[in-house]
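Using the sequences and the accompanying hints, generate a full structural model.
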Amino acid sequence: MVYSLVLLRHGESVMNKENRFCGWIDVDLSDNGKQQARDAAEMIRKHNLTFGHVFTSILKRSYDTASIVLEELNQKDVPSTKTWRLNERHYGALQGLDKIQVAQQYGEAQVKQWRRSYDIPPPKADEDSPHNPKNNHLFDVVPRELLPNGESLKLTLERVMPFWKETIVPELKKGRPVFIAAHGNSLRGLIKMLDNMSEAQILEFDLPTGVPVLYKLNEDFTVNSKEFLIDEAALKAKMEAEKNAIKKQAAK
Numbered sequence: 000m001v002y003s004l005v006l007l008r009h010g011e012s013v014m015n016k017e018n019r020f021c022g023w024i025d026v027d028l029s030d031n032g033k034q035q036a037r038d039a040a041e042m043i044r045k046h047n048l049t050f051g052h053v054f055t056s057i058l059k060r061s062y063d064t065a066s067i068v069l070e071e072l073n074q075k076d077v078p079s080t081k082t083w084r085l086n087e088r089h090y091g092a093l094q095g096l097d098k099i100q101v102a103q104q105y106g107e108a109q110v111k112q113w114r115r116s117y118d119i120p121p122p123k124a125d126e127d128s129p130h131n132p133k134n135n136h137l138f139d140v141v142p143r144e145l146l147p148n149g150e151s152l153k154l155t156l157e158r159v160m161p162f163w164k165e166t167i168v169p170e171l172k173k174g175r176p177v178f179i180a181a182h183g184n185s186l187r188g189l190i191k192m193l194d195n196m197s198e199a200q201i202l203e204f205d206l207p208t209g210v211p212v213l214y215k216l217n218e219d220f221t222v223n224s225k226e227f228l229i230d231e232a233a234l235k236a237k238m239e240a241e242k243n244a245i246k247k248q249a250a251k
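Residue numbers 0 to 251, in numbering that gives the first Met the number 0, belong to the letters of the sequence shown in order.
Among the hints, erroneous ones may be present.
[Said to hold, decoys possible] The calculated EDC-like cross-link candidates involving lysine to aspartate or glutamate, where the alpha carbons are at most 20 Å apart (straight line), are:
| # | residue 1 | residue 2 |
| --- | --- | --- |
| 1 | 33 | 70 |
| 2 | 16 | 70 |
| 3 | 59 | 125 |
| 4 | 81 | 25 |
| 5 | 81 | 165 |
| 6 | 237 | 17 |
| 7 | 75 | 107 |
| 8 | 173 | 76 |
| 9 | 153 | 205 |
| 10 | 153 | 170 |
| 11 | 59 | 71 |
| 12 | 237 | 30 |
| 13 | 191 | 241 |
| 14 | 45 | 198 |
| 15 | 45 | 230 |
| 16 | 164 | 218 |
| 17 | 59 | 25 |
| 18 | 235 | 38 |
| 19 | 133 | 144 |
| 20 | 98 | 17 |
| 21 | 111 | 203 |
| 22 | 81 | 27 |
| 23 | 153 | 97 |
Quick caveat, the hints were computed from the structure, so don't treat them as lab data. The model shown is predicted, which means the values in this text are computed figures rather than measured ones.
Below, the structure is given as structure tokens:
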């Protein structure tokens, strides 16, 4: 049997639009982000996938993206699960800050390390900061000893993996396609694992907003095939835009 898995980075959020580090800040999709979710649904529709389960984070930009996609596909009744383990990586003291200003203050190379490296976390938020998750009741569902405060991609993947193994894999084994609508870094972590990427490879890998990725997985969960559900030219343009976002805007 070959299992089908669709990964989708949520549509543009209002903080993406403002070019700010978002992390665990719970913000809405922008109007453009909502349209990206509708567009993603059309990309998925062409592959005639009927989902058996959908997984999202507990952040509304994630589950709102999933809701829009499922509504467009007339699959609103698909069972769904929200989990903090699929949240975006926690950006510590950088949460809410303008990415251009951070790049100008610390240098583009340092910011690239914080954003895209595998094992270098950003600085922690202060103990009394509203961006420290222990001070936000939304995260009371998370055991306090597991609450992050500034995560690297490595740490993000370490919290995603138990949920992958204990919950997502059993759903895939039921034989119906699984849909995960989550965040750039929780999904980058999964992609690193699925594609067996090196730390150097994941540093350069960007996942565009609103572009579904369809994996076909073998019974041992190795990758049989991987396909971005968008034409190659459009994908290249989106990935270049993601990669060059800070550099282009900082030059203004």
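We went through each hint and held it up to the structure:
1. 33 - 70: Holds, because 12 Å separates the two Cα atoms, which is no more than 20 Å.
2. 16 - 70: Given that 20 Å is the threshold and the Cα spacing comes to 24 Å, the pair is violated.
3. 59 - 125: violated (25 Å)
4. 81 - 25: holds (14 Å)
5. 81 - 165: Holds, because 14 Å separates the two Cα atoms, which is no more than 20 Å.
6. 237 - 17: holds (18 Å)
7. 75 - 107: violated (42 Å)
8. 173 - 76: Holds, at about 17 Å.
9. 153 - 205: holds (16 Å)
10. 153 - 170: violated (24 Å)
11. 59 - 71: holds (18 Å)
12. 237 - 30: holds (18 Å)
13. 191 - 241: Holds: residue 191 and residue 241 sit about 18 Å apart, inside 20 Å.
14. 45 - 198: With Cα atoms ~34 Å apart, residue 45 and residue 198 exceed 20 Å; violated.
15. 45 - 230: holds (13 Å)
16. 164 - 218: holds (14 Å)
17. 59 - 25: holds (6 Å)
18. 235 - 38: holds (17 Å)
19. 133 - 144: Within the cut-off at roughly 10 Å; holds.
20. 98 - 17: Distance of about 9 Å is within 20 Å: holds.
21. 111 - 203: Between residue 111 and residue 203 the Cα gap is close to 10 Å, so the pair holds against 20 Å.
22. 81 - 27: holds (16 Å)
23. 153 - 97: With a Cα-Cα distance of about 24 Å, the restraint between residue 153 and residue 97 is violated, given a limit of 20 Å.
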